[in-house]
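I would like the entire structure built from these sequences, with the hints used as guidance.
There are 2 protein chains.
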Amino acid sequence: MPLPTIEWEGDISGRVRLIDQTLLPTELKFVYCEDIKSMWHAIKTLMVRGAPAIGIAAAMGVVLGIKDIHAKNTDAFLKELKQATTYLGTSRPTAVNLFWGLARMERVAQENKGKSVQEIKEILLHEALKIQNEDKVICRQIGENGVGLIKDGSGILTHCNAGGLATADYGTALAVLFKAKEQGKRIAVYADETRPLLQGARLTAWELLHAVIDVTLICDSMAAHVMKLGKVQCVIVGADRIAANGDTANKIGTFGVSILAKEHGIPFYVAAPVSTFDLTIKSGDEIPIEERSPEEITNGFGKKTAPEGIKVFNPAFDVTPAKNITAIITEKGVIQKPSVENIRRILG
Amino acid sequence: MPLPTIEWEGDISGRVRLIDQTLLPTELKFVYCEDIKSMWHAIKTLMVRGAPAIGIAAAMGVVLGIKDIHAKNTDAFLKELKQATTYLGTSRPTAVNLFWGLARMERVAQENKGKSVQEIKEILLHEALKIQNEDKVICRQIGENGVGLIKDGSGILTHCNAGGLATADYGTALAVLFKAKEQGKRIAVYADETRPLLQGARLTAWELLHAVIDVTLICDSMAAHVMKLGKVQCVIVGADRIAANGDTANKIGTFGVSILAKEHGIPFYVAAPVSTFDLTIKSGDEIPIEERSPEEITNGFGKKTAPEGIKVFNPAFDVTPAKNITAIITEKGVIQKPSVENIRRILG
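Taken in sequence, the protein lines are chains A and B.
Residue 1 is where the first sequence starts when you use the numbering used here, and the numbers rise one by one after that.
Residue 1 is where the second sequence starts when you use the numbering used here, and the numbers rise one by one after that.
Hints listed in this document are in silico derivations from the structure and should not be mistaken for laboratory results.
Any given hint might turn out to be false.
The list makes no distinction among identical chains, and a pair is therefore deemed to hold if it is satisfied within one copy or across any two copies.
[Said to hold, decoys possible] Here are the simulated DSS-like pairs of lysine-lysine, each with C-alpha atoms no more than 25 Å apart in a straight line:
no., residue 1, residue 2
1, K113, K228
2, K29, K136
3, K311, K231
4, K228, K282
5, K262, K44
6, K303, K262
7, K323, K303
Given below as structure tokens:
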């Protein structure tokens, strides 16, 4: 069982403990969020990252935001709750799990508005912990549902980190690999380092190494060559938001990998919980793409690697069209050939 | 006129001055090679890099290797010359210009073996300088020949560095862009940073910025997204070795970019001098691919970014099949749809 990325410590007046993912793999350090601002900062700066983990962080962030409110009545309390969710929603625009987590907390509060402020606070903490526990079950189920797609003796390429660090427990894309390993399948994983922030080199390589899974680190630019050498039998990645038609936003570079896989006749799988689907948007064209700071590229290694004054474009995500995706693995089942109809059939 | 990457200083007992390209863009420093070992080291560690520049470095390296030989007769001298070229040939296996430069120096020595050792030494220095001067003319001619392919208002993506730093003067791929700029064409360049050694971020961005050409730095993983946004009208790259059928070895990542370009219907151009062609090999399958140290990936620029003990695959080049290449721009003309026949027609 991996070390938990995120944990609530104590009762309603407690705090959140996070693994600071920006310091891995050279340092395993916990950070403690005592208030909503520190949680906003942790999400923004990627101390906590990965779509499902962000959903949990958002819910716990709401609890941090309301724990010290001394509202006279429930209406006033709900107003302050709304401020908290709006604030947390500004931290990262692309990951739908953020908004999903915030909306769920608001809904639960609304459903219980007949109760006292103190009671609603307790209910919200309970809900955040429930989201976390549900995610654990979901991770395991994604692993179960996806493992049949992994043939014994396969080479598998993954991009970014969709592992235990990105979730409550076991990961999404990596859950499938952990499960394959449990079943005794021999697999060899190629981990894209995933520039600019190197989640593949820092996090995926670290997780797989600790799980004693055969893993080889490559630069993103090497994926095509590795495929041509016949070393990759499938690609599996996570997702940050999936539109109603199956178009999938994930870490920048995923779209390119999907094109390379198609060119080489290699199946391309997305593993994601149902909460990653945003059925309110028709296609990937409607997904906002977060642009991040130029320094992530120009000062990426603690050393200046580009000339002063250089213009930079730093989109954090791209959109892989549904037509490039062989199947989406969810906790409810595997969606083959993702389309509006095929998605609806599995999601219900 | 760019600062020369490589210069011979003095007479036959002189030395070579190089820009240490590993220190750019934060530091512009010259290194001086007084003997063949320091030149071998400079080529190996990429202080001097870029296929045409390596050809010049090889030729000057030969001069460094023979300048102090006190052979009794020409036969003994030629034997020692052979040792020098064999030694320099072990520095980097993929770039054909290295072997081209070494073979040319040997041939000239053989052609003059009737002369005295001192005379042959002078002739070899003269030949090395001739290779350098020829490269200047070649760069200009590649620019002239390629500029017609660049439409006014184009976005152009390039990978690695095929600029003035890689050649005697003006570059190959970048020569076309410098020429377009001279002609008043408006162009916007996207420079792939080019992991692991960041030649795009460090060198291409630096050269284009100094030439006041609009340039935007991106990570390699962002190329597909930038193409999808409609910002790229053509791709232009250099080459390290081109087989008789047009298959082209270039910096790792180039093959992937060629697939992305094809997917988006974007022309993909290679710019390279005739010396880059290796007509003794039929296809790219025969090109040896240099594998470099894992630390280039795991310790990019002085900070450990991957877990201890991680397995790494670090090929320095890949091969783009001729079918993905729209045209190869040489000093002798533009080879449309590269094939054995079309290449032979231009190369003669």
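Hints numbered earlier in the text: which of these fail when held up against the supplied structure?
1, 5, 6 and 7
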